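My request is simple: use the sequences and hints to build the entire structure.
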Amino acid sequence: MSFAAKANTLWEYANPRKFLATSERVLPFFWMTSFVCLVVGLIWGFFFTPDDYKQGSTVKIIYLHVPAALMAINCWLMMLATSLVWLVRRHHVSALAARAAAPIGIVMTLIALVTGAIWGQPMWGTWWAWDPRLTAFLILFLFYLGYVALWEAIEDSDTAADLTSVLCLVGSVFALLSRYAVNFWNQGLHQGASVMRAAAVTGADTEEKVSNIYFYPLLVCIIGFVLLFIALVLYRTGTEIRARRIKALLARERLKG
Amino acid sequence: MIPDLGKYADAVLWSYAASLGLLIALVALSVMRGRKVRAEMEKLEHRMSRNG
Numbered sequence: 001m002s003f004a005a006k007a008n009t010l011w012e013y014a015n016p017r018k019f020l021a022t023s024e025r026v027l028p029f030f031w032m033t034s035f036v037c038l039v040v041g042l043i044w045g046f047f048f049t050p051d052d053y054k055q056g057s058t059v060k061i062i063y064l065h066v067p068a069a070l071m072a073i074n075c076w077l078m079m080l081a082t083s084l085v086w087l088v089r090r091h092h093v094s095a096l097a098a099r100a101a102a103p104i105g106i107v108m109t110l111i112a113l114v115t116g117a118i119w120g121q122p123m124w125g126t127w128w129a130w131d132p133r134l135t136a137f138l139i140l141f142l143f144y145l146g147y148v149a150l151w152e153a154i155e156d157s158d159t160a161a162d163l164t165s166v167l168c169l170v171g172s173v174f175a176l177l178s179r180y181a182v183n184f185w186n187q188g189l190h191q192g193a194s195v196m197r198a199a200a201v202t203g204a205d206t207e208e209k210v211s212n213i214y215f216y217p218l219l220v221c222i223i224g225f226v227l228l229f230i231a232l233v234l235y236r237t238g239t240e241i242r243a244r245r246i247k248a249l250l251a252r253e254r255l256k257g
Numbered sequence: 001m002i003p004d005l006g007k008y009a010d011a012v013l014w015s016y017a018a019s020l021g022l023l024i025a026l027v028a029l030s031v032m033r034g035r036k037v038r039a040e041m042e043k044l045e046h047r048m049s050r051n052g
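Protein chains in written order, with UniProt numbering: chain A, 1 to 257; chain P, 1 to 52.
Calculated directly from the structure, the hints in this document are not laboratory data. Don't take every hint at face value.
Unchecked claim - Here are the simulated BS3-like pairs of lysine-lysine, each with C-alpha atoms no more than 27 Å apart in a straight line:
| hint | chain 1 | residue 1 | chain 2 | residue 2 |
| --- | --- | --- | --- | --- |
| 1 | A | Lys-18 | P | Lys-36 |
| 2 | A | Lys-247 | P | Lys-36 |
| 3 | A | Lys-209 | A | Lys-54 |
| 4 | A | Lys-256 | P | Lys-43 |
Owing to the predicted nature of the structure, the values given are computational and were not obtained by experimental measurement.
See below:
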């Protein structure tokens, strides 16, 4: 199948009925696998990994902090992609998918901020510092809140989708900053990337990297968070599609008198 | 059962409690709203099909 044909197949999912039918078929798989990965990864990390020689048992926070932070950023990037689809192709399902993802992003950012503060207190001696990465994450959290508030504040759903898509484009700067802030400003308390760094994996640099003892259960947790995110986005987008249909049916009923 | 977390036990346990609490709340609220909206839609579709 050519690329163009594949792309056309993808657009079929912009049809709400097709989206609902497909998501209902695949959802049990995503719920189950996310649950299994999270249980296995968290039990492995919490019970079967040793304390770190520097950080003691606080290293166990990594199994929640890193996957949540990764998903906080990637959730916004997913919202950016679906917002662009809305702006260019005007597919309602894509706008509703962005709307459905935002509360998930709020929770992921909140988990990253809370676990970061709890981890930071014993390691850095402070709950919070105006460090580039921490500050970028706080701004990303505020953008998420603003995004949800904007959807709720505007009655007309197409206008709300337009305005929130523009807000999403602007907020993407902070989503990327929260990932790369430590590279731009060589200062602050937060360490640089030590998990997903291609140069460390290939051996191109010799900077400190997370030991494999911690990395493998962390990888299982990251996969669990990704699968949970997909399950939640599919489920919540289905809910948004149905809520939109309720609005349309009520409007039709009112017109009939 | 719980491994010896030493002097950082509070930090580790609070992190797990807060994170798992937030995740469970997110899933529970999503499923509750999803069921409510689905039931509402089905009721409305049924009513409309009955009234033609």
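Each hint, compared with the structure:
1. Lys-18(A) with Lys-36(P): holds, 21 Å
2. Lys-247(A) with Lys-36(P): The hint holds at about 14 Å.
3. Lys-209(A) with Lys-54(A): holds, 14 Å
4. Lys-256(A) with Lys-43(P): Measuring from Cα to Cα gives roughly 18 Å; hence the hint holds.
Comparing the model with each numbered hint stated earlier shows that all of them hold.
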